[in-house]
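Colleague: Listed below are the residues making up each chain.
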Amino acid sequence: MPEEKSTQGEISVEVFEHLVALAALALDADEGEYLRSQLNGQLRAIRALDAIEVPDDLPITSHGVPYSEPNRPEIREDRANNPGLADKILAQAPEVEDRYFVVPDIPQEALE
Amino acid sequence: MTEALADLTAQEISRRVREGETTATEVLDQTLQRISDVEGRAPTSDPYEPQPDDRKRIHAYISLAEARARAQAQAIDQAVRDGRDPGPLAGVPLAVKDIFCVEGTRSTAGSRILETFTAPYTATPVARLEAAGAVTIGKVNLDEFTFGSSNESSAFLPPPGNPWDPTRVPGGSSGGSTAAVAAGEAAISLATDTAGSIRQPAAFCGVVGLKPTYGRVSRYGLIAFASSLDCPGTVSRNVTDAALMLRAMAGADPADATAAAVEVPDYAAGMEQGIEGLRIGLSPNYFRLAYPDPETGELREQSIDPQIEAAVYRSAEVLARGGAEIIEGVPMPHTHLGIPAYFVISRVEAASNLHRYDGVKYGYRYRGPVAGLTEMYRETRGRGFGVQPKLRILMGMYVSGEQYERDYYRRALKVRSLIRRDFDRAFDPDGDQHLDALLTPTTPTTAFELGRVYGDSVLMQYADLLTVPANHAGIPGLSIPAGFDNGGLPIGVQLLGPDFSEGRLVRIGRRFETLTESEAWRQRRPAILDTDRG
Numbered sequence: 001m002p003e004e005k006s007t008q009g010e011i012s013v014e015v016f017e018h019l020v021a022l023a024a025l026a027l028d029a030d031e032g033e034y035l036r037s038q039l040n041g042q043l044r045a046i047r048a049l050d051a052i053e054v055p056d057d058l059p060i061t062s063h064g065v066p067y068s069e070p071n072r073p074e075i076r077e078d079r080a081n082n083p084g085l086a087d088k089i090l091a092q093a094p095e096v097e098d099r100y101f102v103v104p105d106i107p108q109e110a111l112e
Numbered sequence: 113m114t115e116a117l118a119d120l121t122a123q124e125i126s127r128r129v130r131e132g133e134t135t136a137t138e139v140l141d142q143t144l145q146r147i148s149d150v151e152g153r154a155p156t157s158d159p160y161e162p163q164p165d166d167r168k169r170i171h172a173y174i175s176l177a178e179a180r181a182r183a184q185a186q187a188i189d190q191a192v193r194d195g196r197d198p199g200p201l202a203g204v205p206l207a208v209k210d211i212f213c214v215e216g217t218r219s220t221a222g223s224r225i226l227e228t229f230t231a232p233y234t235a236t237p238v239a240r241l242e243a244a245g246a247v248t249i250g251k252v253n254l255d256e257f258t259f260g261s262s263n264e265s266s267a268f269l270p271p272p273g274n275p276w277d278p279t280r281v282p283g284g285s286s287g288g289s290t291a292a293v294a295a296g297e298a299a300i301s302l303a304t305d306t307a308g309s310i311r312q313p314a315a316f317c318g319v320v321g322l323k324p325t326y327g328r329v330s331r332y333g334l335i336a337f338a339s340s341l342d343c344p345g346t347v348s349r350n351v352t353d354a355a356l357m358l359r360a361m362a363g364a365d366p367a368d369a370t371a372a373a374v375e376v377p378d379y380a381a382g383m384e385q386g387i388e389g390l391r392i393g394l395s396p397n398y399f400r401l402a403y404p405d406p407e408t409g410e411l412r413e414q415s416i417d418p419q420i421e422a423a424v425y426r427s428a429e430v431l432a433r434g435g436a437e438i439i440e441g442v443p444m445p446h447t448h449l450g451i452p453a454y455f456v457i458s459r460v461e462a463a464s465n466l467h468r469y470d471g472v473k474y475g476y477r478y479r480g481p482v483a484g485l486t487e488m489y490r491e492t493r494g495r496g497f498g499v500q501p502k503l504r505i506l507m508g509m510y511v512s513g514e515q516y517e518r519d520y521y522r523r524a525l526k527v528r529s530l531i532r533r534d535f536d537r538a539f540d541p542d543g544d545q546h547l548d549a550l551l552t553p554t555t556p557t558t559a560f561e562l563g564r565v566y567g568d569s570v571l572m573q574y575a576d577l578l579t580v581p582a583n584h585a586g587i588p589g590l591s592i593p594a595g596f597d598n599g600g601l602p603i604g605v606q607l608l609g610p611d612f613s614e615g616r617l618v619r620i621g622r623r624f625e626t627l628t629e630s631e632a633w634r635q636r637r638p639a640i641l642d643t644d645r646g
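Line order of the protein sequences matches chains A and B. Per the numbering used here, numbering of the first sequence is gapless, rising by one per residue and ending at 112. Per the numbering used here, numbering of the second sequence is gapless, rising by one per residue and ending at 646.
Bound conformation, chain B alone:
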């Protein structure tokens, strides 16, 4: 393969398409070729029989939208020929997490209950990315309804493999997104982050993941999980592409009352300003982790993987070289309560959102004999939902039950206030720390083996331990690659900032990229691209 268009950044693809050096159609063809090279058998909802080859391939896409993509690419090429502006993302291949509605495409949420659902309209962020010139290649896999951190809970299997080592998970729930982008099966992906579902898989797959401020991007057309936490965001191979993508899709939307009426800056334009004088904090609470004892539930302290800790400190030194001031010892005392509070809040919201799947209006309906309506509901939901939705419905109903609501749900919402308060104090311009950003590890570990954690819903949830506080607080978070562990697996570090500070986060991330661009680890490529290229 010659220099592959599929490996270029969105910014470079768009430049070449706009300047006539290549065409959107050629980019599409090369991307489809890459998909054919690395993808392997397509995930289906048939009973899953693992094959040895499954763990050598990526399996990111649930469905491809080739005809639709070709029509979009041709329209962009025509615009270029006519001298019209084809948009800032002209011809950029986009993978859409299959939790967004795209008109005319199957929109499954990774669930059997929506397997046959074809979206009758298009989600706002998708429509905006397409209006900016992005070409939707298809819909990528995820944990069922986004409920998971490994992609193994999808109804569509084989699950995606990690392009750096396909025997390992890509993370989740946006694992199809991050695997596809890492393997060159798309330049960018539209994903969602409710507890870390963009940042955790971005760290596992060595790509950039940006969870914007809650309300920065419209949720219209996003199949809901936990409506007070869900954030559409970006997956890309560098920070510049995250900035371009966010600029294209952010902003108020009459169709979503939670989409904030806050001006959308030109993130990429402000990105090269440097980080001189910015105060970037490190908190001990992000390095000492608290896991519950499986028997008693008592929290036990455990240190983070020392290789990840070292990567964060190395990153801090790099940023200090760039002129940032590093502030150590920032207290974030409620970090460890993020997951316990999430176990309550997200479940209550999920249970509420999942009541709409009843076999009446759309999606799967049980067709066997039933004694009446109630039995149809029970059989439809029992067969249509996998384990994760069932767990979330049941827990959500339990903790919001009248006699428990005060002790569980109300208490969790108060703990959410305490988590938000930690960030408010750290970022308060008149406070002791007056930080511009916080630098943390993104994940407690690097990518784990398929099958190692799946089945233990508590341990799996703790994969989001370091990312979920930002969702509770609503603040933005950016995960960027920061090196590799001794096993050759990517390590991500996370930058957190106050509400609507995405511009500052991408500025720091971009400076980190330029300061490390000559380092050897930057030259590494995912194993799938070294072994499978034809």
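Only chain A is shown next, with the shape it has when bound in the complex:
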């Protein structure tokens, strides 16, 4: 991602275009500008997190409820379920040939 060190900054046009490419989103110019302005509004709201002291040794919480021995489910047996599900899944695919998903070609690029 292009350099932009501080969390005080805005998402510039250059950074935004980089994000859009990474996200694999085709956008028209008006939509892009609206999205960028909304993202910058959200970033201003996120800055409230900078206003408080967060101790270095404070553990992170990746989900609220601790999973301790009594409430942690047992590891399940590793076995195949739902015979026939593969056919139902393949039936949903936009394009299939011989039970393979079909996608457009990946153009070859000359190596430098």
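Calculated from the structure, these hints are not laboratory results.
Computed list of chain A residues with no C-beta within reach of chain B, every gap over 10 Å:
id	residue
1	Val13
2	Glu14
3	Ala29
4	Ala80
5	Pro83
6	Glu97
7	Asp98
8	Arg99
9	Ala110
10	Leu111
Computed footprint of chain B on chain A; a stretch qualifies when at least three of its residues, placed anywhere within it, have a C-beta under 8 Å from a C-beta of chain B:
id	segment
11	37-48
12	56-68
None of these values were measured; they are calculated from a predicted model. Beta carbons: idealized from backbone N, C-alpha and C, even for Gly.
We have chain A already, so just place chain B on it with the hints.
Modeller: Then chain B, alone, in the frame of chain A:
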């Protein structure tokens, strides 16, 4: 219309079906009639041209599953005739938020990218409700992928209207669920709550919404938004139905490793024990709100709508009459950081979950000419996703980028610890407060007009200001109707409790219902039922 089966509670419908006073088929027919009376034109993904009549109708259902529902109803009626147990929810009409997979039904997540997707399997909570006798009527509208608080971001429009005033939003993201239940288009709805998506629309529509503890209900078959926050939960017209529904769908599930191995109590059986001696807290941090200045981002304090504040204090007095001890001044100092932290955490998780939509395995694919695979991805995602998924993907990628991760994502996860700590302290049996529950407003405002907030993604997110802390902490929350504002719009109050305390929350909620059942506001009915009944 005679006394409508569509207006009965799930408990009463089930009793009548089980005792042979009516049939599941008759309940289904009357529910379909109600849908036909109030629903209006069906939401579609066609370019939306608003019509004047749209704002007089509900538009809750994206799709109806009439043939499937009829087969289920007939099976229940047969079970009753055969003397077999048809289940505790026998014949109860169920609306499923269209974020759950139900085998053989279109499962869209309110998005164009899944418009053609037919689920190949059924989500665990749906399967369990159906096994208990519930009859799935159809799939109800929501904000796209649940990303919103008004239902206006759905790809399927017109958006649902609020049954109390269809020019206003039903809330979101489970607005189709709460609108359908309020209007008698289903007795109960299975919904999800990631930041308040059950409780906020329940408050706006004058119904009961229960977000269980994270892990209380399996997420298998739920189309994921933010996997560490998503909770399947209940929408119903009273607390008893929430208890019955939760009992039917909660519990461990081999298909979801986050579904906790904690025993599921009979919530309804414990509900009439009363609330004598329970310590219920009020926190000033839920009445003084902090909104960011749109220019600077600086938080500005603002008081909550005084009518909502008054409703909470009135509710506290009612509970005190019921024998609860009310503790004022409970410090919850990190409440105001719930939304800023959510802007980071939920976006990182959403961006990750949304990468799977690529036009290859299922759903929409762009069919125009493309130069190669990458362009197909870009065109598919650019056309298939609406504004909200795009915003969440882009923000999620930005704040989890290598150079920002420490300042944004890691910091937000630490703030999440501080929010959890506020609740741990309040509910600690050996702590200063040792609360059994916290009583708060559910929402900062009552239902707003369609179009008033939509488009401002920051202000819309702040509709969840008072509900999102429970999602960060993983604790359960129950929103119950507590009166109306001067404009005749419902007000909800929220009860929060420690992990797996749903039984206590429904007990308090039920006591509140019995203590207020003779009050005049309890007799009010949604405007849609007074004006549109044939």
